[in-house]
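2 protein chains.
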Amino acid sequence: MAILTFAPGPSKVYDKLPDYFQEAYQQGILSANHRSGVFMDLYKDTERLFKEKLAVPEDYKLLFTSSATENWEIITQSLVLKASFHIYSGSFGKKWFGFAQNIIPETAALVFDKNESLTVNDLEIGNDFDLIAITQNETSNATQVTNDTIAAIGNKYPDKMLAIDTTSSMAGIFLDFSLADIWYASVQKCFGLPAGLGILIVSPKAIERAKAKGEKGRYNSLNFMLENAANYQTHYTPNVLNIYLLNRVLADLPNIAKVNAKTEERMRILEEIVEQSPALDFLVSNEATRSRTVLGVGGEEKFIKQIKAEAEEQGMQMGSGYGPLKPTSFRIANFPALNDDEFEQLIAFLKAY
Amino acid sequence: MAILTFAPGPSKVYDKLPDYFQEAYQQGILSANHRSGVFMDLYKDTERLFKEKLAVPEDYKLLFTSSATENWEIITQSLVLKASFHIYSGSFGKKWFGFAQNIIPETAALVFDKNESLTVNDLEIGNDFDLIAITQNETSNATQVTNDTIAAIGNKYPDKMLAIDTTSSMAGIFLDFSLADIWYASVQKCFGLPAGLGILIVSPKAIERAKAKGEKGRYNSLNFMLENAANYQTHYTPNVLNIYLLNRVLADLPNIAKVNAKTEERMRILEEIVEQSPALDFLVSNEATRSRTVLGVGGEEKFIKQIKAEAEEQGMQMGSGYGPLKPTSFRIANFPALNDDEFEQLIAFLKAY
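As you go down the protein sequences, you meet chains C and D in turn. Positions 1 to 353 (the working numbering) are the ones given, in order, by the first sequence. Positions 1 to 353 (the working numbering) are the ones given, in order, by the second sequence.
Please keep in mind that the hints were generated in silico from the structure rather than gathered at the bench. The structure displayed is predicted, hence computed values, not measured ones. There's no promise every hint is true.
No copy is singled out in the list; a pair is fine if it fits within one copy or between any two copies.
Below, a list of computed lysine to any residue pairs in the SDA-like style, where the Cα atoms sit at most 20 Å apart [unchecked claim]: (1) K16 x Q26; (2) K305 x S36; (3) K114 x E300; (4) K326 x G37; (5) K326 x R35; (6) K205 x E106; (7) K94 x R218; (8) K16 x G28; (9) K216 x N102; (10) K160 x Q101.
Make a model of the complete structure from these sequences and hints.
So this is what it looks like as structure tokens:
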């Protein structure tokens, strides 16, 4: 039996995937051409499910990419006119900034502490920046930026475009997609699927901007992708299997409001354990900036080592801390694919500390 | 039951995939982190299998990308110093040329007829070009360029780098990898796997060239990929599932010499049927330029329509012709994942014409 992983990287997948794979094989989906009606119907239906289950606005477009990292490049290459302004507190926000800066050296950033709530009133972003980049859920340090904060930034800068990294939160919590023009994620997190597929969602305003910029001819030019997507096709031979699995998983999901309630409920249980434990500490002390889908637990290097080893003995893998936080923290993915028994097992383990 | 596809796009997959998926699920491969030992061992072992089963030279490096199209961009972006010179006869060769020209306007091409064997003696490629791009197997018009021709071009231009598109032939026929520095393919063709993974194989000379050019910082910069590959990791969260399936399929394969013999034998049987048929014609009349993994059958528009419809009635899908050849031809993928019963079914069907 495989170890049960609570890592917020590629994470636990939905239990029904072997059945869905079998169906895909028997129906010939694994051999389906991406210019065929079979694929176009699958794409169309998957987009419909994003709108129905995740409350994505009707006029937004779903696009498939290979990874969240690829989305970083697409946004800067195809959408940014002058430069983007990045607001972040952790490693993935910093990497996004680095990718953008490589293409446009004038890219700038505001780095804030993981326990610091963004004060939108104090934010000063000049006319040299036409896109604001926000890491809504920062997987590396287990923080989040709320819908309310995104709304406030959008209200303050209605002329700038907002691009939101929700790699580890989309399909796990309620996101108000109407607040921004560009949203992206990876399927190996809250979607509970194998890695190898990136999600990019764009508003009509973002599509217009891409056309206005007119960038084309590159492998991942957004205009090239949009041209194909207009016919529910992709610009390259896509991972049809993963798109099929995504479709099936979305169809099973309750509405995002329900998913959100369960995510919140589980996170409150986890938080209570940390609060009441003499040994466990929050990596993020400010409740307002604490991620709902990834819990960071901090502690002494020796203790972190020990608890991870004891979890492994019981068949569970805690996610390591990320980057500089590796020795003094571990992370728990509070993703929907975790079933109730598995969550109980986690609770029982943590309660002993 | 799904229809049996003979299309040379995404094509018939290996029958054992559902078992392998089940194993991947049970072993936790679907949740494996791409920075973990589990993944690094899988990558290392897959590279070993490429060398053992496909006769890739020991000092060549295996890299994973998302698609063959992405490889086009990587080659021009990270390896070409001045410009590349493209030799092609069909639509995919032309597309590769287009991608390269978008990045480097000085890119040039020699277009030859599908029935024309390349006369290497007459070839004139000047000093302005440092990479020669050859579509070894052109999926769109069912032609090929032989190992001998690649060898002759390499001998004539020892200072230029050779990049070879084997999207629809790698793992189906014997390729002498020592003859060129860059080879690429897609797994949804002769590897008999679901789409979503590109293969890129580079020689030590190509690695040196990438370092000399020093291009970096883009999503698919070769130097970024090579840095990660040195530790058997990837530059992005990869399609671990497909890499696992690739590993299992390669392990099952006999040596490429045996695979090649079977591919040739089956193609000879198919060719004999076309030769003896009063109704069927070769799309490629010159035997020397005819692909061994994709057979193109030409005919009157009405006849092509009819034979495709009759195949569908019997549960078989012939591949459509490509681009301008669509109404007057169909294509048959002679790929190894086809089992003997399926091949017999195809033969019986074609013999009736």
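### Message
Within, between, both or neither: how does the pair K326, G37 come out at a Cα-Cα threshold of 20 Å?
### Response
between (47 Å within a copy, 17 Å between copies)
### Message
Cα distance capped at 20 Å. Does K216 pair with N102 within a copy, between copies, both, or neither?
### Response
both (19 Å within a copy, 9 Å between copies)
### Query
Under a CA distance limit of 20 Å, which applies to K94 and R218: within one copy, between copies, both, or neither?
between (25 Å within a copy, 15 Å between copies)
### Message
Checking an output row: K114 and E300, CA cutoff 20 Å. Within, between, both or neither?
### Response
For K114 and E300, the Cα distance is within 20 Å only inside one copy (19 Å; across copies 69 Å).
### Query
When no copy is named, should K205 and E106 be tagged within, between, both, or neither for a Cα gap of at most 20 Å?
neither (23 Å within a copy, 36 Å between copies)
#### Entry: Homomeric proximity label, K16 with G28: Cα distance no greater than 20 Å
Both: 19 Å inside a copy, 14 Å across copies.
### Task
Classify it for me, K160 with Q101: is the Cα-Cα distance of at most 20 Å met within a copy, between copies, both or neither?
Close inside one copy (18 Å), not across copies (33 Å); limit 20 Å.
### Query
20 Å Cα cut-off: does K305 pair with S36 within a copy, between copies, both or neither?
Between copies, since 17 Å is at most 20 Å while 51 Å is not.
### Message
As a check of your reading, is K326 near R35 (CA-CA no more than 20 Å) within one copy, between copies, both or neither?
### Response
between (45 Å within a copy, 14 Å between copies)
### Query
At most 20 Å between C-alpha atoms: does K16 with Q26 qualify within a copy, between copies, both, or neither?
Both ways: K16 and Q26 sit 16 Å apart in one copy and 12 Å across, limit 20 Å.
Going through the hint list in order, the structure does not satisfy hint 6, though it satisfies all others.
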